[in-house]
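Asks: In case you want the letters, here they are:
Number of protein chains: 2
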Amino acid sequence: MVFRILASLLFIESFFLFLSTIVAIIYSEPVYALIVPTLITFVIGAFGWFNTNKASKQIGKREGYLIVSLVWVVFSLFGSLPFIFDGSITSFTDAFFETMSGFTTTGASILNDIESLPKSILFWRSITQWMGGMGMIVMSLAVLPMLGIAGMELFIAEVPGPTADKLHPRVKETAKRLWGIYSLFTVIEIILLYAGGMDFFDSINHSFTTMATGGYSTKQASIAYYDSAYIQYVITIFMIIAGVNFSLSYFALKLKFEKVYKNEEFRYYIGFILIFTLILTTIIVSNKNFTGFEKSFRDALFQVVSLITTTGFVTADYLAWGSLAAIISFSIMFFGGSAGSTGGGIKIVRIVLLFKNSYQEFKRLLHPNAIIPVRLNNKAVDPKIITNVLAFIVFYILTFVAGSVVMASMGLEIDSAMGSVIASLGNIGPGIGSVGPMDNFANIPNAGKWVLSFLMMLGRLELFTVMIIFTPIFWKK
Amino acid sequence: MVFRILASLLFIESFFLFLSTIVAIIYSEPVYALIVPTLITFVIGAFGWFNTNKASKQIGKREGYLIVSLVWVVFSLFGSLPFIFDGSITSFTDAFFETMSGFTTTGASILNDIESLPKSILFWRSITQWMGGMGMIVMSLAVLPMLGIAGMELFIAEVPGPTADKLHPRVKETAKRLWGIYSLFTVIEIILLYAGGMDFFDSINHSFTTMATGGYSTKQASIAYYDSAYIQYVITIFMIIAGVNFSLSYFALKLKFEKVYKNEEFRYYIGFILIFTLILTTIIVSNKNFTGFEKSFRDALFQVVSLITTTGFVTADYLAWGSLAAIISFSIMFFGGSAGSTGGGIKIVRIVLLFKNSYQEFKRLLHPNAIIPVRLNNKAVDPKIITNVLAFIVFYILTFVAGSVVMASMGLEIDSAMGSVIASLGNIGPGIGSVGPMDNFANIPNAGKWVLSFLMMLGRLELFTVMIIFTPIFWKK
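Those protein sequence lines, which keep their order, are chains A and B. Heads up, the first sequence is in this note's numbering, so the first residue is 1 and it goes up one at a time. Heads up, the second sequence is in this note's numbering, so the first residue is 1 and it goes up one at a time.
In short, the hints are calculated from the structure, not lab data. Mixed in with the good hints, there may be bad ones.
Said to hold, decoys possible - Negatives, chain B to chain A, calculated, CB over 12 angstroms:
hint, residue
1, F15
2, G87
3, S228
4, I240
Unchecked claim - Taking beta-carbon pairs under 8 angstroms as the criterion, some of the chain A residues facing chain B (in silico):
hint, residue
5, G48
6, S91
7, P118
8, S358
9, T387
10, S409
11, I468
12, I473
Fair warning: this is a prediction, and the values are worked out from it, not measured in the lab. By construction, the Cβ of each residue, glycine as well, lies at the ideal position given by its N, Cα and C atoms.
Start from the sequences, fold in the hints, and give me the full structure.
Replies: Have a look at this one:
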């Protein structure tokens, strides 16, 4: 049953590999590096499909968690083939890291000379992020009717945030709407970027990786390559949109703006962006290498948005702004986008619930016997959700610490160890230290790349979905 | 009312200042630096006492939090006078920092040449820690009958840990027993250290600061000064005892050993010490500068115990053991002693509850409608306590992050900023970076010393007690 679903998902991967093959044909590039993986993926998918039984029983929670976790591993295994066949990445570890970084929309790269890669390979690299952004399961729910029966379980396991919003009573309809909005915004961004003078191929790639909050660029210098305020602002705006709960975007498209601006998570999300931008702008302006107010504001805004949405695009080296800016940038990495967005990290709603609950704790100190609920959007939040959110945040931080210890044990400096871990766990991309915005992950030891790949998956699936598989209770009858 | 209690507590401080005066007389040192503060404290205490009305009404929670917070500030103000009058510390900021560091049992020092100080000043410095270890309120509860009426409120606000154990239905009796055990262990340690060849004066001082998990030493080199395995093991054992819930020590003294070894927090506390010692020993042994197995084990054990109990004594430079050892040491700083001990930090029981709850979260994922309680010592823990513990841990980490940002904004490197903050907030003493075990806090900017002093108080009173005073709900009628 689990294998059958994985097999059917491989058809989807082979479809997108086929799209990349077409790109290779268009640009007259060697085709075999893409057509061979397309066929392998298709054949193995078909083999799995015909050698498993038809779905007879309902998929349970356990199978749901297993499928969602495995699909990222399987996709990354097959998705790394083009890099290997093309020869652009010679080591399997590196290829797997690059692909997992793509599917999890992390955007951490081991490539030192991105412009030298064939366009078709770059396209595949961007499309891994676009697929991973909305999620393979959500995608398949929209496409494959057979998953409908177990849809909700898979949907909950994959969609980020403490609760999964439904735009439609039927999961399949919800998934269709989500992919519709996602595609629509991607197309609009392509048009706007192309109108601003970015070449068509780059517009497509950057739009894919913006909406996925992925951060892969077709340029080694990332968005700093484009010395255009227009392009940088367009990308900033679409990063902000990608970091908003897609349910809210859906309401906005239906012109129900009240639902959007009355949403507390949205307000805090915008508030955090404004506050951090104000702080970083002040820091840059007070620096010696001040290059004009608009540029300082734009750099600050772009970096804040890129980090809080966990996109990881770069227009400036935030580590060059001094240690205060570095610590603030580092702190922003823990925030993350909104629940139900493509952004990674802890997520704004959890941070908000944390602060609200802390304030309620003070009240509880003074009135120990009163029942004082936490309210969000004027509704009392179930105490179970509060406990879950707090447990998640602490677990997240512990995973970060444990990961940093492991990376430090491989010889990384403390700041690089912490930077590489939060950049992976938060699905951001660039971190601090030796994996800062001007560097990449090429020099991380191989074992470290596997650890970071695992952290990317943990972060993308919000810890519990993956971790539960490693607990005895999961396997208990 | 609040003033009257503070005034009465000043009598206690003046009594201990008087003890230090006697030490000055014994060692024929200038007496005025101690007798003048003794008199000032006594006179102001008396003035406050006679100009306030007798306790008429019950002390409420609000007054309790206010008193407990203010007493540390007031005590540090008066307690810094000997350093200033003696001239051993010339700046008021430094003197206040050193005294707050004493009363909160942090042990972070700005002194560069401790051996040059008069013995009476060193004695006062050690006694601030001894007073702060068990807590001024707990002390006064044992001594001052007038506080009896509000005792429990103050007791809860001051005693560390999520719940306050009562050894006796009457608060006053509980306080008496706690101080009795505390004094008894201090005396035993004095005898054992003296028997091991430490001079009598140093034995007293080190016993005071061991049992308080304070970490002030009469030697610049701290315990590394004593090249005696016996002395180092004795101090290690008493640090371990000081980090145990004093209720358990009480049971142990009554020979109810079963209550001790069946206590889950105690088991985890010992378990964490053993595991971390094993890891650090392995690291030291595999280092190039390996100097024998016993010495490596002793250094590792001493450092682990010193950090987990938040004492802060030093026998070796853990930063010289490589970046992995540094990160592990840094992580241990977040643990802290047991609830109801003199140790600071997050406390073992909170860490244990956190892990237990996280495991239950997995179960809740699979059975969302079941009520799955967290159990400690075979009893279900109230979900309110779980929420409080989780909120505390996250708040602790946030305070740590915010503090690090502030310290970095004053020009400290990232590791020094984080090191100085956790060393203060956790009431440890030495941190990492420029405030590591071989350095001190003298070079921190003045503003930074005030921030760290505040963090020490926050940490000692476990955040909420102090923070609640700064919330609007506290002042609302």
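Asks: Sort out which numbered hints this structure fails and list those numbers smallest first.
Replies: Violated: hints 5, 6 and 7.
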